[in-house]
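Once you've looked at the hints, dock chain B against the given chain C.
Number of protein chains: 2
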Amino acid sequence: MTPTLRTDTPQVESGADTIELLGLVAQLELLSFTRLAADSAQAPTLEQRLELSRFAAASVERRDRVLSRIAELGGDPVSAVAEFEHVLDDFDARTQPGSWWERLLTNYVGYGVAEDFCRIAAAGLDEQSRDLVLEVLGDSERGDLTVAALGAAGSGDAVLVSRLALWGRRLVGESLGVVQALLVSRPGLVRLVDRGAAQEGAPAKLFGELTAQHTRRMGRLGLTA
Amino acid sequence: MTPTLRTDTPQVESGADTIELLGLVAQLELLSFTRLAADSAQAPTLEQRLELSRFAAASVERRDRVLSRIAELGGDPVSAVAEFEHVLDDFDARTQPGSWWERLLTNYVGYGVAEDFCRIAAAGLDEQSRDLVLEVLGDSERGDLTVAALGAAGSGDAVLVSRLALWGRRLVGESLGVVQALLVSRPGLVRLVDRGAAQEGAPAKLFGELTAQHTRRMGRLGLTA
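Chains C and B, in that order, give the protein sequences.
Numbering of the first sequence is given in full-length UniProt numbering, commencing with residue 1 and proceeding in unit increments.
Numbering of the second sequence is given in full-length UniProt numbering, commencing with residue 1 and proceeding in unit increments.
No lab work stands behind these hints, which were simulated from the structure alone.
One should not assume that every hint holds.
Partial selection, computed: residues in chain C whose CB lies under 7 Å from chain B [as the list claims (entries may be wrong)]:
no.	residue
1	Thr-34
2	Leu-46
3	Gly-74
4	Val-78
5	Ala-82
6	Glu-83
Covered stretches of chain B, going by a simulated chain C footprint (3 or more residues, C-beta under 8 Å) [claimed, not checked]:
no.	segment
7	34 to 43
8	47 to 55
If the Cβ cut is set under 8 Å, some of the chain C residues that face chain B in the computed set are [unchecked claim]:
no.	residue
9	Ala-37
10	Ala-56
11	Leu-134
No residue lacks a Cβ here, since even glycine has one placed at the ideal position from N, Cα and C.
With the rest of the complex left out, here is chain C (with noise of 0.2 Å):
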């Protein structure tokens, strides 16, 4: 029996793409277990410290599995994380949110953009690799709560809900440009949406997919994107 050509099977250089793009995962994941505590120190209900102190760890658990898939790699999960340290830099300092829901609704939607991008990227993966990004990216329980709490506020509060709307427009636009800078400056990156483009789509869709994603999101809050 020969084996058999995979189309799937990684090339030489993708190691190091792939390492790239569980970097920026896990980086995520540490700065959303950093936001999520600050959210749980701040929200108005004790039972909202609670639930968010749990999704804070829940983070830190996802991102610990993500680190040990860097090490499987061969790689050196601390630098790898480091590399994508000021990631969010800029993200943070133009959307200082002026409230509770707009620091939800910052959280939800900044995270979300980002995370849509490094699902979309993780179709260039090898399949562990790729299975791994989707599951710990897929868990929805963070959306659900913020889904819940805005729409509570939301429902009968015009003015908050075309506030927060006009935040969300500000938000998404941030968003795209932290992942417009990040295909600039990790080709890495690009290579492995080129890859997983073949079956999901040209790269030019990117933005395209982003903002559709961005759009649905909006919607369950009940907010016009």
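Chain B alone, transformed into the frame defined by chain C:
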């Protein structure tokens, strides 16, 4: 076969006392989570950020085990925790750390005394609750990190060591003040200390015991208490 008289059977009123102590333990773990997460965000190295986020996540897991026990005993976990929402407010206001090292020491010493108090009071609990409290508070990993980090920083830096020793003396005074305030305002906790003292020593010895444990803890850091 007649039922034997068990001297460790909880008294009628001790159910509420048990829930009170478990609420305090859970609140300390929640505060611990919040501080460890903030420490993680401010840690000087990425390795420390990752490690402190793991400790924060472990606090959530420990706290939720205590909350489950409160529910098992028929208590309301959220109310039990809420009872102690402000337990460390005064302590925190009076012990704002001026450096990363003071911050580490504040958490180690401040929580150390509060946790020692909980361990002593736990002697008055039913066996299952007592075992849970001792197990939850027995996790020394966090202390090990502090010991390693402060030990490395202090070796050869006599000025830092003497500043930290001074800071430690201030912290233990404030921590004992927290315990004092609890004993004055929470007769349920006093009853538990009294019940536990039958095997453990007189309640009058409480502050002596807490001080002795503080001295041991500072000794592990190479600091004079």
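For each hint, the structure was consulted:
1. Thr-34: It holds, given that the least Cβ distance between Thr-34 (chain C) and chain B is near 5 Å, below 7 Å.
2. Leu-46: Holds. Min distance 5 Å.
3. Gly-74: Violated. Min distance 19 Å.
4. Val-78: 6 Å, holds
5. Ala-82: Holds. Min distance 5 Å.
6. Glu-83: For Glu-83 (chain C), the interface hint is violated, since the closest Cβ of chain B sits about 10 Å away, which is over 7 Å.
7. 34 to 43: With 5 residues closer than 8 Å to chain C, the segment 34 to 43 of chain B meets the three-residue bar; holds.
8. 47 to 55: Held - the segment 47 to 55 of chain B has 5 residues with a Cβ nearer than 8 Å to chain C, which meets the minimum of three.
9. Ala-37: Check passed: Cβ of Ala-37 (chain C) comes within 3 Å of chain B, closer than 8 Å.
10. Ala-56: Because about 7 Å separates Ala-56 (chain C) from the closest Cβ in chain B, which is inside the 8 Å limit, the hint holds.
11. Leu-134: 22 Å, violated
Going down the numbered hints, you'll see the structure goes against 3, 6, 11, while the others check out.
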